[in-house]
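Asks: Mind docking chain W on chain P? Use the hints.
The listed protein sequences derive, respectively, from chains P and W. When we follow our numbering, the leftmost residue of the first sequence carries the number 1, and every step to the right adds one. When we follow our numbering, the leftmost residue of the second sequence carries the number 1001, and every step to the right adds one.
Accuracy of the hints is not assured; some may be wrong.
Stated by the list, open to error - Derived pair list, reagent style EDC-like, types lysine to aspartate or glutamate, alpha-carbon separation capped at 20 Å: (1) W:1082 with P:103; (2) W:1082 with P:71; (3) P:160 with W:1146; (4) W:1112 with P:111; (5) P:110 with W:1146; (6) P:130 with W:1074; (7) P:160 with W:1046; (8) P:110 with W:1107; (9) P:75 with P:86; (10) P:75 with P:165.
Unchecked claim - Here chain P is said to cover these stretches of chain W; the calculated rule only asks that three of the stretch's residues, wherever they fall, bring their Cβ under 8 Å from a Cβ of chain P: (11) 1047 to 1061; (12) 1141 to 1153; (13) 1160 to 1173.
As the list claims (entries may be wrong) - Residues on chain W that point at chain P, a partial pick, calculated with CB under 10 Å: (14) 1079; (15) 1082; (16) 1110; (17) 1113.
These are computed hints drawn from the structure, not numbers from a lab. This one's a predicted model, so the numbers in the text were calculated from it and none came from an experiment. Heads up, the beta-carbon is just placed ideally off N, CA and C, and yes, glycines get one too.
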Amino acid sequence: MTRTLVRWVVVAAVALAALAAGIYVSRTGSSNAPVGALLDLALPDIDGHDQRLDQWKGKVLVVNFWATWCEPCRKEMPDFVKAQAEFGGKGLQFVGIAIDQPDKIRQFSKDLKLNYPSLVGGYGALELSKAFGNQLMALPFTLVLDRNGHVAYAQMGPLKPGNLDAIVGKLL
Amino acid sequence: MACVPISTGLTPKPLRPERSLWSRRGLVAAALFGPVTMAAAAAGAELLPAEQAFRFSARALDDHTLEARFTIADGYYLYRDKFKFAVTPDGAALGAPELPAGKIKTDEFFGKVETYRGTVAVKLPLSGAAAGQTLVLTADSQGCADVGVCYPPTRQRLTLALPAYGAGPGPVVDATPSRKNWFK
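Only chain P is shown next, with the shape it has when bound in the complex (with noise of 0.2 Å):
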C-alpha cells in the first residue's frame, strides 16, 4: 500500500515537472520568436540588394525603424550616425529600416552621408515592431539587441544621444 502510494507520489512529481518544464521551454521559445523573426528578415538595401539582418549576429544591434516623412526621425539620426561611427569598431552596428520610398531614402541617406545601411522596409517590417511594444506602429522606434540576440532596449520616439551612448555602453 505504501509502496504504491509512494509510487504514484514520485509519478506525481515527475510529471508536475514535466509540465514546469515545458511552461518554461515554451514561454522561453515564446521570447525568441519576435527577435528570430526580425533577424530572419531580408529586405533589400537602396541598391536593391536583399540583406538578411542575422548578418550581424554577434554585434550589439540598433534596429532603427524611420521613414523621411517623420521629422522626427530624421532629426535623431545624426547622433546614430555619431554613433557609428564612434562605436562601430566595438561591435555596434545601426541598421535602418526605412519605411518608405527607396528613391526618397537614397537622397536623405545621401544627404546625411549614412554610415550605416538603411533597408527598405514595408508595412510588414513595421507590424513586427509590434511584437517589441509598438502597438501603434508610430516612428521612430528603436530596438537594442545586445550580442547574444537578446532585447536590451527599446523606445518609441527619439532617443536621447545621452541615453543612447548609455544604452549601448553597458552593451559593448
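Replies: The following block gives chain W in isolation, referenced to the frame of chain P:
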C-alpha cells in the same frame, strides 16, 4: 505658395476597431520582455491611436457637395498635402478637394510644408450622385504628435446619405472603424 509633397509611397491603413492601447498582444509582449519593452509600451500608452488623434467625420451639404472634417487632438497635427479622398459606388466621383490654407513650416528635407491643428473642414465637390443616395467616403491622412512621433498614413471611411432634394445639409457622420486587415 508652392508646397512640396511628402510622399510615403504607402497605401494607408484602414482603421481597426477602437480598442485598448494595451491590446492582448501588447500585454504578451510586455510579459515576455518584462521591463525591457515597458519603456516603449509606456510611451505608447501616452499616445492616442491615429483614429482618435485625427477624428474623421463628414456631412453632405447637398447632392453635389460633401464636407469632410478632421478634429485633431491637442498636441497632434496633420499634413495638408497628405489628404486623399475617394467615394463609392462607381458613378459617383469627387472633384479636387478645397483644402484651407495650413500653417506653413520649413522642413529641412522637403522645404515648405503646411500642417493643420484643431479642426479642418474640406469641401469635396461631388458628381454623378443623386439626392437620397447612400455613399461611402474614404479619407487618407497622415500626421504626427508633438512628442516626436509620426503615424503611418491612415485610412478612415464612413457611410452617409445625401439629403433629399432641397432638404438642406445632412447630419454629421463619424468614421466607422474597419475590421479589415490593412495588409491584405
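Asks: Against this structure, judge whether each hint is valid.
Replies: Hints and how they fare:
A distance of roughly 18 Å separates the Cα atoms of residue 1082 of chain W and residue 103 of chain P; the hinted pair therefore holds under the 20 Å criterion. This hinted pair checks out: residue 1082 of chain W and residue 71 of chain P have alpha carbons roughly 15 Å apart, not beyond 20 Å. The suggested pairing of residue 160 of chain P with residue 1146 of chain W holds, with an alpha-carbon distance near 16 Å, which does not exceed 20 Å. Only pairs whose Cα atoms come within 20 Å are accepted, and residue 1112 of chain W paired with residue 111 of chain P is accepted, the gap being roughly 18 Å.
Between the alpha carbons of residue 110 of chain P and residue 1146 of chain W the distance comes to roughly 27 Å, so the proposed pair goes past 20 Å and is violated. Restraint check: the Cα-Cα separation between residue 130 of chain P and residue 1074 of chain W comes to about 25 Å, which exceeds 20 Å; the hinted pair is violated. The suggested pairing of residue 160 of chain P with residue 1046 of chain W holds, with an alpha-carbon distance near 18 Å, which does not exceed 20 Å. For the given pair, residue 110 of chain P sits about 17 Å from residue 1107 of chain W by alpha-carbon distance, which is consistent with the 20 Å threshold.
Distance hint between residue 75 of chain P and residue 86 of chain P is fulfilled; the C-alpha atoms sit about 19 Å from each other, no more than 20 Å. This hinted pair checks out: residue 75 of chain P and residue 165 of chain P have alpha carbons roughly 17 Å apart, not beyond 20 Å. Counting residues of the stretch 1047 to 1061 of chain W whose CB lies closer than 8 Å to any CB of chain P gives 3, which reaches the minimum of 3, so the coverage claim holds. Remark: the stretch 1141 to 1153 of chain W is confirmed as covered by chain P, as 9 of its residues place a Cβ nearer than 8 Å to a Cβ of that chain, reaching the required three.
By the rule of at least three residues with a Cβ nearer than 8 Å to a Cβ of chain P, the coverage given for the stretch 1160 to 1173 of chain W is violated, with 0 such residues. Interface hint status for residue 1079 of chain W: upheld, as the beta-carbon distance to the closest one in chain P is roughly 8 Å, under 10 Å. Against a cut-off of 10 Å between C-beta atoms, the interface hint on residue 1082 of chain W holds, since the closest Cβ of chain P lies about 8 Å away. Because the smallest distance between the Cβ of residue 1110 of chain W and any Cβ of chain P comes to about 8 Å, under 10 Å, the interface hint for this residue holds.
Interface hint at residue 1113 of chain W: satisfied, since its Cβ lies 9 Å from the closest Cβ of chain P, which is below the 10 Å cut-off.
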